[in-house]
Amino acid sequence: MENLADIASLLNSTFRISTPLIFAAMAGLFAERSGVIDFGLEGKMLAAAFVAAVGSYYFNSPWLGLVLAIIACVSLSMLHGFASVTHKGDQVVSCVAINILMIGLTTALAAAWFGQAGLTPTLKDNQRFLEITLPFADSLQNVPIIGLIYSDIISGHYIFVYIAYLLVPIVFWIVFKTSFGLRIRAVGENPSAVDTAGINVFSMRYKALMVNGVLIAFAGAHLSTAVNANFFREMSAGRGYLALAALIFGKWHPKTALIACLLFGFTDALQIRLQGVPIPGIGLIPVQFIQATPYILTVVLLAGFVGKAIAPNAIGQPYIKER
Amino acid sequence: MTTVVDKTKVPWWAANIIVPLVNLVLALLVSGLFIFIAGENPLQAVKLIIYGSFGYVEGFAYTLYYTTNFIFTGLAFAVAFHCRLFNIGGEGQAYIGGLGVFLVAINFSFLPVPIVWLLAIAGAIIFGAAWAFIPAYLQAKRGSHVVITTIMFNFIASSLMIFLLVDVIRDTAQMGPHTVALPKELWFPTFKDFAHLFGMKIRYSPLNISFIIAIIASFFVWFLIWKTKWGYEMRAVGHNTQAAIYAGISPYKNIIIAMLVSGGLAGMLGINEILGVHHKIVAGFPAGYGFTGIAVALMGRNHPIGIFPAALLFGILYQGGSEVTFDMPNITRYMFIAVQGVIILFSGALENLFRPQIESFFVNRINKENPA
Chain L
130 MENLADIASL LNSTFRISTP LIFAAMAGLF AERSGVIDFG LEGKMLAAAF
180 VAAVGSYYFN SPWLGLVLAI IACVSLSMLH GFASVTHKGD QVVSCVAINI
230 LMIGLTTALA AAWFGQAGLT PTLKDNQRFL EITLPFADSL QNVPIIGLIY
280 SDIISGHYIF VYIAYLLVPI VFWIVFKTSF GLRIRAVGEN PSAVDTAGIN
330 VFSMRYKALM VNGVLIAFAG AHLSTAVNAN FFREMSAGRG YLALAALIFG
380 KWHPKTALIA CLLFGFTDAL QIRLQGVPIP GIGLIPVQFI QATPYILTVV
430 LLAGFVGKAI APNAIGQPYI KER
Chain G
1206 MTTVVDKTKV PWWAANIIVP LVNLVLALLV SGLFIFIAGE NPLQAVKLII
1256 YGSFGYVEGF AYTLYYTTNF IFTGLAFAVA FHCRLFNIGG EGQAYIGGLG
1306 VFLVAINFSF LPVPIVWLLA IAGAIIFGAA WAFIPAYLQA KRGSHVVITT
1356 IMFNFIASSL MIFLLVDVIR DTAQMGPHTV ALPKELWFPT FKDFAHLFGM
1406 KIRYSPLNIS FIIAIIASFF VWFLIWKTKW GYEMRAVGHN TQAAIYAGIS
1456 PYKNIIIAML VSGGLAGMLG INEILGVHHK IVAGFPAGYG FTGIAVALMG
1506 RNHPIGIFPA ALLFGILYQG GSEVTFDMPN ITRYMFIAVQ GVIILFSGAL
1556 ENLFRPQIES FFVNRINKEN PA
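Order-wise, the sequence lines are chains L and G.
According to the working numbering, the first sequence is numbered sequentially starting from 130.
According to the working numbering, the second sequence is numbered sequentially starting from 1206.
Simulated from the structure, these hints should not be mistaken for lab results.
Among the hints, erroneous ones may be present.
Claimed, not checked - Below, simulated DSSO-like cross-link-like pairs (lysine-lysine); rule was C-alpha separation at most 27 Å, straight line:
no.: 1; chain 1: L; residue 1: 336; chain 2: L; residue 2: 380
no.: 2; chain 1: G; residue 1: 1434; chain 2: L; residue 2: 450
no.: 3; chain 1: L; residue 1: 217; chain 2: G; residue 2: 1389
no.: 4; chain 1: G; residue 1: 1346; chain 2: L; residue 2: 380
no.: 5; chain 1: G; residue 1: 1434; chain 2: G; residue 2: 1458
no.: 6; chain 1: L; residue 1: 450; chain 2: G; residue 2: 1212
no.: 7; chain 1: L; residue 1: 217; chain 2: L; residue 2: 450
no.: 8; chain 1: G; residue 1: 1485; chain 2: G; residue 2: 1389
no.: 9; chain 1: L; residue 1: 217; chain 2: G; residue 2: 1485
no.: 10; chain 1: G; residue 1: 1346; chain 2: G; residue 2: 1214
Since we're looking at a predicted model, the values are computed, not measured.
Here chain G stands alone, though its shape is the one from the complex:
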């Protein structure tokens, strides 16, 4: 028997903070069980994760570097999801977005640096969006399910990029499948550079000004989804396509716009990775960040304000996780992919597991305090 709760009486923090936290705790308990099955002590792992991600300046900088990537891919998934589209193709869109960054930066390197940066950011967005366009078009016009097409486009992107890196744009002076490095003046200033300006001596970390770009992107997404006509139409199509059509909103147009914005945001991952960290295209640089974006968005309830803490949590898991893999031979980075799966399960698919009980608990308390 399901509990019937008067939704209007549920306090917002119970629905949007307590329930997600309970789901997160459940997910972390199950993850602890996995670490135990793998033959390590889960509590020891938690200690290592906290030390690795907060214990020293460079560790924290790494945490924020990962957070940057997860903000981009989390926002990407969230925008599409508001239109009820499952863009599982963040990985491929990010890969192609990186190609955009590199091609623009290397071909326009004669221009003043800030202009090259702006153009390269545009390159990331356009290339990422273009890669999302075909699945978007096929979903809108032919009804091909976007989950399958975007997954296929991940495979195709990977093949295409390997081809380009091996046969077309490879740095022929080197063995590995990667391009030449961008000129040094085009590299994004890192956290270390800023720290040195203030007289702080720290070691290298990949955190760079892309973090600020990610925050700006979060504001942009919030504005687009909740403050513009476009965002309203996208949400209308996502909520109830039939009603949207009746109101004169075109689902085709909005499916395509949502996917283009989504692909563009995923492509922005390339800014952080290419301009900020590698300074060249390295085979496989998206490294699963696109998939993690799904978990980030679902945990953050598809809102930029929720996505930031969710991205930070995954930043902690990634950076702290690498500390764990150093110290615990039985734990590999794949364990943290499994943790993502568990988090998607509890904060996405099973989000209603305890929601009725928790909500009715708070509603009953409020009813007791103010009897009608």
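Same shape as in the complex, but just chain L:
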């Protein structure tokens, strides 16, 4: 029973930890499927976390914070589009610029406005998203197995967790079953063919980036107005890059990307559990090594030991219309 409860709490954390990764991976999927590289997920996630926390603090509404975060992230995505779609600048450089800009600006403004070494003020309960207890979760608590699965694993998450898992099939449907999705995939594979068919490549890429901005905002808001009750510096801690790795490992496909996100989430949940716990036969592993496991896992997965990932054909190339 003790072990079962352990597993339940591990799975519970896995779902929670994977959530921002899922939003980020789905955001990245739209951009990259349309042919625009997005290493900027990290910076946009930070921007969203900062704006959501500050917005919610001033307007006493986490929902308004989320809306402001969406506006901020869509603006950054548009900036990325302006540089790399319209002006054909280097897409990776544009992303690096957005990431460094956001690491600096969020903390600088937090320090300037709130003077607490780059923290935003702690949000009160009405200013943040709280855990949701699903109906009957309490009464089912003591039923064997079902209680464990329903009450301890499925119930009691923040709203973003449920949105994230609903999002994946929706993204799948949009990308693979609608004409909008077909066009996005087409501009990422063969933009000149799409152009010949009379579809504007630039506006398709901008639309994909707009969706990208909306989705990544949820990841940031989850970090600063749900799991934590404030913004702190560099709180995204590489999640944007992990999500991108999950997307690549998942071969730019929502289902496999979801599995990769869950794998990262599970590794992270496990490393938190394993800190300070001796492993039979090995002994106590230094905490720094355990903390580094998600990053090491990323490198190993990207090394393609599990199969080669093939990127959208036109990724990273600005589209130049022939005259």
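Go by the hints and put chain G onto chain L.
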């Protein structure tokens, strides 16, 4: 409608000096806006920056000390970039490079001092290059994107170094996570020592002979990239991999060489920080210099002649910036990280924003002067 410009008629200074300057001015204007949003006066900040970095001897020495670091990391990014590789891992490579400097210096301290210095420099290069090797190999052989792997290697380097500093090489007599100090005779001579030789009395500043090593490294990079077969092959792979393969140039080999040189240069940051300043490994000593190297290289158009003024500009921003953070409570050093982001945006991603207009302006003027 984009303007079509005959590139051969554009004067070199318009393309390589005027356009970057316009981009820099735009970036500084946006940065001024940020300082205004943070509730301070941007003009006052500019005054403080200029005073802090040029106003007195020690301030200027600090400026050149920062410049030294930015030359190393800027060159590091530039070398990889000539092969179209984004080495974002300068931070981690510098951290591990510092480990190399320290381990070599402390273990060979019985040798004559100049030899220890040479060995320690080699240690910095080898350790930095080794840390860049795995991402290089994975990019070359497995196609793992070097941006993600080098970022991951920054995180891993940081974990590894904290582990070493806490559990393995910590100075057990002290509380903080740092090593014991190197013997005093191994410390690099500082600017202050030289000034005293000439009878000038100045206060301490961290500027030391690493600055000269950085200048030598700049010459080395210029020679490597533009005067050797290796450099030519690297640039060929970077420009057009398919054409390079057709010409019999191996992209694998050149990706690895470019990354090793890049990592080695980033590792040289450890020379300045360990032999010149801290004389021991302090947790987190690379302090973001590796990331700043990206902005330095992009601003300097990946050429050592451009990297020097760009590194100096960032030296001014860092040293002058610390003056600003003293005097303006609303400005922290993070504001200057944001400024870096803006500079990367305007001189990297948006470098073509006004290029066609500026170039066609000069081409039209030349055409008017000499009608065909």
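Now the hints, each set against the structure:
no. : hint               : result
1   : L:336 with L:380   : holds, 22 Å
2   : G:1434 with L:450  : violated, 36 Å
3   : L:217 with G:1389  : violated, 53 Å
4   : G:1346 with L:380  : holds, 18 Å
5   : G:1434 with G:1458 : holds, 13 Å
6   : L:450 with G:1212  : holds, 19 Å
7   : L:217 with L:450   : holds, 11 Å
8   : G:1485 with G:1389 : holds, 11 Å
9   : L:217 with G:1485  : violated, 45 Å
10  : G:1346 with G:1214 : violated, 41 Å
Hints 2, 3, 9, 10, counting from the list given before, are not met by this structure.
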